[in-house]
Every structure is written in structure tokens, then in C-alpha cells.
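Protein chains: 2
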Amino acid sequence: MRRREFLGRAAAFAAAAPLSSGPISSLARAQAAPLRADGARVNGWLAQMDSIGRTAGGINRVAYSEADVAGRAFTLGLFRQAGLAPRIDAAGNIVGRLEGTQPSLPPIVIGSHVDSVTDGGNFDGPLGSFAAVEVARSLREQGNRLRHPLEVVVWSNEEGGTIGSKLAVGEPVDLDSVARSGKTLREGIGIVGGDIAKLEAAVRPEGSVACYIELHIEQGGRLDQAGLQVGVVEGIVGLRWIEVVIEGFANHAGTTPMDDRRDAMLAAARFTVAVNEAIRSEPGRQVATVGRLVPTPNTRNVIAGRVDLAVDLRDLDAAKVERFAARFRHLGQEIGAATQTTFTFRDATSSRPAMSDPAIMDLVEGSARALGLSTQRMPSGAGHDAQELAQICPMGMIFVPSVGGISHSPREFTKPEDVANGADMLLNAVVRADTRV
Amino acid sequence: MRRREFLGRAAAFAAAAPLSSGPISSLARAQAAPLRADGARVNGWLAQMDSIGRTAGGINRVAYSEADVAGRAFTLGLFRQAGLAPRIDAAGNIVGRLEGTQPSLPPIVIGSHVDSVTDGGNFDGPLGSFAAVEVARSLREQGNRLRHPLEVVVWSNEEGGTIGSKLAVGEPVDLDSVARSGKTLREGIGIVGGDIAKLEAAVRPEGSVACYIELHIEQGGRLDQAGLQVGVVEGIVGLRWIEVVIEGFANHAGTTPMDDRRDAMLAAARFTVAVNEAIRSEPGRQVATVGRLVPTPNTRNVIAGRVDLAVDLRDLDAAKVERFAARFRHLGQEIGAATQTTFTFRDATSSRPAMSDPAIMDLVEGSARALGLSTQRMPSGAGHDAQELAQICPMGMIFVPSVGGISHSPREFTKPEDVANGADMLLNAVVRADTRV
Chain G
188 MRRREFLGRA AAFAAAAPLS SGPISSLARA QAAPLRADGA RVNGWLAQMD
238 SIGRTAGGIN RVAYSEADVA GRAFTLGLFR QAGLAPRIDA AGNIVGRLEG
288 TQPSLPPIVI GSHVDSVTDG GNFDGPLGSF AAVEVARSLR EQGNRLRHPL
338 EVVVWSNEEG GTIGSKLAVG EPVDLDSVAR SGKTLREGIG IVGGDIAKLE
388 AAVRPEGSVA CYIELHIEQG GRLDQAGLQV GVVEGIVGLR WIEVVIEGFA
438 NHAGTTPMDD RRDAMLAAAR FTVAVNEAIR SEPGRQVATV GRLVPTPNTR
488 NVIAGRVDLA VDLRDLDAAK VERFAARFRH LGQEIGAATQ TTFTFRDATS
538 SRPAMSDPAI MDLVEGSARA LGLSTQRMPS GAGHDAQELA QICPMGMIFV
588 PSVGGISHSP REFTKPEDVA NGADMLLNAV VRADTRV
Chain R
188 MRRREFLGRA AAFAAAAPLS SGPISSLARA QAAPLRADGA RVNGWLAQMD
238 SIGRTAGGIN RVAYSEADVA GRAFTLGLFR QAGLAPRIDA AGNIVGRLEG
288 TQPSLPPIVI GSHVDSVTDG GNFDGPLGSF AAVEVARSLR EQGNRLRHPL
338 EVVVWSNEEG GTIGSKLAVG EPVDLDSVAR SGKTLREGIG IVGGDIAKLE
388 AAVRPEGSVA CYIELHIEQG GRLDQAGLQV GVVEGIVGLR WIEVVIEGFA
438 NHAGTTPMDD RRDAMLAAAR FTVAVNEAIR SEPGRQVATV GRLVPTPNTR
488 NVIAGRVDLA VDLRDLDAAK VERFAARFRH LGQEIGAATQ TTFTFRDATS
538 SRPAMSDPAI MDLVEGSARA LGLSTQRMPS GAGHDAQELA QICPMGMIFV
588 PSVGGISHSP REFTKPEDVA NGADMLLNAV VRADTRV
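Chains as they are written, first to last, in the numbering used here: chain G, 188 to 624; chain R, 188 to 624.
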């Protein structure tokens, strides 16, 4: 565990760099009357982004695709307009920096991502990315200079397993794995302007970041159902992506008697049902999903000889994730024996649960109170770049409501007033963190 | 039912055209000593064909693809070498003709197809097509002139639902349906040299064909398991392709609680298991297969919002096919209600069981006896162009063994001696039919 406690770090920094008597403390200003970001501007940028990678099925800006590159180009333009001379680090992340009054301090980092899932929505990622740009721009335009440098980062390939942020914290990544765009990470990182020969240069060591705060849509329906405005994230669930290959034998669907078959599709169907029954067999918030399934040859009159599928398994409790992964493996072996097929399991991606820093949760709540916004503490069922950053610095996340709890869907939507609230929340949280870190 | 009885027709023809005193009767020759085709030549052509459309996954000459066009070009060359000046009819079928001594008689038609399934084998189709060319070539080279004209036909797009032969017998076909190659039938028929504006010209009315005989690999394992050389086909099972669309709601796999889901993949899995259990719940040779399944968006961290799948259902008893189709529909409605998804059913392709003509079965068995080959009567679990021809003329089929019963697979194989036996059988059956029809 490389995670560090925020309060301990805050104390250390307080000793090294006490509040200066320089420009008027942002903290004092924020507590007296909260700062405001330009929410209309963020909503406008989101509306422009909505036309990039929009297809009949939804937003398709999968990492390293042409649409992803186009979305990043639009985002780079926003960085430049904000005065954040952006650079692309070796991992393909977009990085902009606003200098602080105390250059020796490590930066406060804010940001999110702009790549999407297949047939996704326009708010998952762009909201937090654009709000972070807006926070830097507002601070600059309003003449509010932080003590810490402020870095705005748009992480590359979040939806493919937080690849850009993993590389930024030095986590191992299989560069030969294939992204949704069909490109390997090795190819894709080059396409978005990274340099795989210099990945080490993109690594941020522990202690090099004061804290990381990310604004994101909730992607679930708790805030919307409860009529609340802001979610204070307690932690991010651990995620396991298990790739399963089921091998049977391809044969003619008309001439092969039912008893002579080794039908990989039937085995995959039984497994999908069994995974669902298992995950629901005990109380708790754990989830498991078979969302991807590719039969071969996938034709009407041929018994499937092979099925590749993936299980997405999540919970805040790492031990529970481990236990269910083992149970799924056991179910696969049983079904394989019963259907004369063979199951092979591989863990494609795995992340430990990541807990938010309690002091950041407090200052997020303080910001909401100052802005007059209602809050609820909640876990994040989705993975985020913040979980990677939590390995090297104190981390916090701010959620705003998703209408109907819909996400990873073309119907994903967050109301303009909630977008504006999110930008205000991020701005005030950054200003408060600046005085505490 | 437009099917006609062979014996009735034979009697009618016998009256109209009694055996002439012209060239020595082929029948007499065949019964005295069976004719021989050049089996080595057929095996050589199959070996050449094996390189066309061969990929890592198997033979891919799906209808209207570039590989299909290449396979047809090779086949057209064989027609020309055999002296069968080939033409392409409006439906895209390749037709060659050898004139008989009695030009007023309707033709005996023999043939098969050369298109393949996805990742299929090299014998399903080409064997019967090339053997038919060889029969015409042998007759010509050996100076055996039939009374009837002999037509060799390679039907287009057999694997997509016997499209070429359906059009040739005037069956309705949806020209806007999409073939495996991604092209509509409308586009594809043009690609292979047909002319959709003149489809009526390709229709063969009832009574215009003396009889149809097709040689094919068995595609099942009965002959191979029993150590027999020739299958005498009793009939072809009825086939129903049922397309099922399951609509749920696409949402985030991490943030959507298990109880709030409308998971189309889970519904599809339950349905696939239910279809398998239903078809096996009563005795008989009926088969049902889910071989094609396409989830949307088909990505690891999104609950599937939609699944398109197809059920392949077959039996020799048309009423049983009807009954199971209704049962599957009922199962879909039940599973839809339980999973909050909606099931929509559409019959994509449907063919009635087609019975072989008893007199053709007899003369096929007579040919085998003359050639010293062992036989067994059997149904065909696979669909064939012969089932369409059965609507306008007496029909028969000859099977040779598939090693291990494997078909629609790159491991599909028929031994060279069985290929040669098949060509000999087809030659002698044609000669015997010529004296009977």
C-alpha cells in the first residue's frame, strides 16, 4: 500500500510552508463567500463535445480512435484558451499547469478523461475534464492565485482500464493488450501523442502530488432518486475483469445430434446465468456483469466452437472480490465438465478498492455547505482515474447527479444546473485544499 | 404442395417417349457394367478449390464475397473445360447444358453449390458441384449421349438459405435481407452476375425438369460410424431460422445495482439454456441451436442493452417444427417478463421437410449395388438445394461419408476414395434415371 494519509501530509506541509502573508488567502475568501465558476461555459463546451464521435448508437470516442483524437484536439483548444499551455506526457495524458505562489510545493491535481465506452454518453469524463479547465480559467480570470501549483490533467484511455493514470503512478500495464479501437496500447499511446520509450518520465512518485480531486457524474441513480445535489465519494470499488475462453467444437447445426455436441454457446449461456445467480445469492452491494460475449464462428447454422466472454466484478471489499472470482472459476469448471467444453480464465484488469481521504471529504462537504448544496456520502461503483492517484496522494471525488441513473448509454444526461454546481464545487474544493495541504 | 410423384411422371414419359432404337441404351450399359467417372480429377479440383477463401479460421467463401466470386470463377473454368458453355441465370446460378438425343424432353438436373459458411470446410458444396461437372465431362468423353438434356447447376448462396434454388423454383425471397458478406441479396445477386430485374426468367416451372439428383457429403457421422460407403437420402428435414431481438437497457456495469437491471445478455443466456432444455425434453431427432448471438454494445463494463440472436430449428416432421417454434416464443415471453426485457420474434427462413422420390432412392441403391458399394437409407439433417427442387420435380440425394461427422468446420473432410465413389454413384444414377424418367 503506497497510499498516504492526507492529514499526516497536511501537518508536514503546514510545518514546511505555513500560510504566507502574501496575497489575500483564498481560504478566507472562500469561507466568506464561495467562489463561482462559469457553469454556462462548461455547459457550452459539453454541447460542442457532443458532436464529436456521436453515432446512431451513442458517443463513440473509444481510446485511440479517430473520434478520441478529435475529442482530445477540442480539449487541447480549451486548455490553450484557459492559458494552460498544454503538454502531452509520455503516457498520452494531457497536462496543463497554473503556477502557484509557492513554487516549491507539489501541485494540486484535478482532471478526468475524455475517451468513452462504445455507444456511451457525453458526460462521463468530459464533465470533470472541462470543469477542471474551467476552475483553472476562473482562478486566472478572477486573479485568485493559489499557493500550490494547479495541474489540470486529462488522463488517456480511462475506459480501457484507467491506462493513462496507471502509467502516471507507475502501475504495470500490458502494452500489447488490445483496446476497443482495435489498437494495442503500444500503438494507441503513440497515436495520442505519447512516447512509450519514455514512459518512466510520466511517472509521478509518491509525495509529488499534494492531492487529487476529480469531479464526475455519479453514473448511478442514488442522488437523482434522493433529490440531492452532490455526492461526497467515500471510496471506489475494487474491479476485476475476468476474461473467459470457452472451447467446444464447431459443427453443423442440422446434422449433429443434441447428445453429440460440444456447444460453447450453451456453456457460455449457462455460465452467464450461473454468475448472475451467484452474485445475487448473498446480501451486499457487489455486482457482476457479462457485458461482452463473442461466439465463433457466430453464424446461425453452426454450433459455436468457441466463445470469448468477460465478467466485470466489483465490490468495496477486496476479499469479497477475490472470493467471487474463485467461485466463478469453479462454476466454469463445473459447466465445462457438464457440456464437454473447456473454460480458461484470465484476469485482464484488476484494481483494489481505493478509499477517499477523510479530510478531502470534509472540505468537499464544507464547499457544498458554503454553496448551499445538499450532499450525501456514497461509494463509487464505477472505476475512476482517482483510484490510481490514491496510490500516490490523498484523493477525493465529487459526484453530481445522473438523470435516471443512466450512464454508459446515449441517454446519459446531467442537468445544466448540476454541471454548474459541479464546477463550483470543484473550484471551492481546490481553494480549500490549497490552504490545507 | 407442388411436388409431383416420380412414378406417375415416369409412366407419362414412357408413353410419350419410349426407349428408342438409336444409340446403345445407357441403361443396358450401366446394368451390364457400371460406368466410371474420373474420381482423381474431382479430387484434384477439390484440392485446387481448397486454396480459395482459405483463412486461419477455415474456408470463408460466404456468398457474394470476393472469395465466393473467386470460387465461382474457378468453377466456371471447370464447366468450360468440360464443354459445358456455362451461363449465369438471373438468380446468379451457374448453368451448363449437355444436349440429349431427344430435345423435346425436359432436362435431368444435377449440381450443388460452392459458397461456404463462415469458417467452414471445402467439401460442403464443391463435392457435388464438381462431381456433376465430372459426370457431364465423362459422358461426353466416353461418348455416352443421354436421351434427356443434362443440366449441371451450381446454385448461388446455398448457405444463406438456398437462395439461388429458391429463386429458381419461384419461392419468395426477401431481396433486402443481408447475407453473411454484409451485402443484401439484391446487391449480391448482381455481384455474382445475376440480374434481379429478370428474376422471373430464372424460374423453372413445375414439369420443366425431369428430375434433380444431388451428391453431397453427409455432414453427420452415421455413415462414418457404421463403416458404410453411401447414404440414400429419404428426405430433408424442415428448417426454421427464428431471429430474436431482446431489448433491455444499456447501463453502467459498476453503478447499477443487480436488482435495477434490464440485462439483455442475461435474458439471452436464459433463453439459450431454455431452448436447449426444451428441445431435449422429448424423444426424437429434432435439433435446435443458438449459433449466432450479437450483444450491443458488447463491451465489458456496460450491461447489454440489446441482444440479437438466432435459433436454428429442424425436424423431418413439419408439425413438430411448428410446435417447438411456438414453445420457444412462449419461453421468450416468460423470460422477458422475469428479466424486464422484451423479446421480439421473426421467422427469417423457413423450409418444409422435403421427401425424396422413392423411385430415385431405388435407382440410387441399384447404382450402388452395381458399383459394389454399401448403402444405408437416412434423413438429411442439413438443408440442401434439393429441397427446393423437390417442389417442381422428383428429387433424390446421394451422401458420402464425412470423417468424424464433422462439417461446417475447417476439419470437414471426406476421403478421396469416397469422393470418387460419389462421382461414380452420381454418374450411374443419372444414366439409370435417363432410362426411367
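Don't read these hints as lab results, they were simulated from the structure. Be aware that one or more of the hints could be misleading.
Since the list can't tell identical chains apart, any single copy or any two copies may satisfy a pair.
Only pairs whose alpha carbons sit at most 20 Å apart, straight line, appear in this in silico SDA-like list of lysine to any residue [unchecked claim]: (1) K507 <-> P392; (2) K507 <-> P444; (3) K507 <-> D446; (4) K385 <-> F261; (5) K507 <-> M445; (6) K385 <-> R274; (7) K602 <-> P470; (8) K507 <-> V379.
On a predicted model such as this, the values are computed, not experimentally measured, just so you know.
Hints versus structure:
1. For the homomeric pair K507 and P392, neither the shortest alpha-carbon distance inside one copy (30 Å) nor that between copies (69 Å) is at most 20 Å.
2. Taking identical chains as interchangeable, the C-alpha atoms of K507 and P444 lie at most 20 Å apart only when they sit on different chains, with a minimum of 16 Å there against 42 Å within one chain.
3. For a Cα distance limit of 20 Å, the shortest separation of K507 from D446 across copies, 19 Å, qualifies, whereas the shortest one inside one copy, 38 Å, does not.
4. For the homomeric pair K385 and F261, neither the shortest alpha-carbon distance inside one copy (25 Å) nor that between copies (53 Å) is at most 20 Å.
5. Proximity of K507 to M445 under the C-alpha cut-off of 20 Å is restricted to the inter-copy arrangement: shortest distance 16 Å between copies versus 38 Å within a copy.
6. Taking the shortest Cα distances, K385 and R274 sit within 20 Å of each other inside one copy (14 Å), while across copies they are farther apart (63 Å).
7. Taking identical chains as interchangeable, the C-alpha atoms of K602 and P470 are never at most 20 Å apart, the minima being 33 Å within one chain and 59 Å between chains.
8. Taking CA atoms no more than 20 Å apart as the test, K507 paired with V379 passes in neither setting, with 37 Å inside one copy and 58 Å between copies.
Checked against the numbered hints given earlier, the structure breaks hints 1, 4, 7, 8 and satisfies all the rest.
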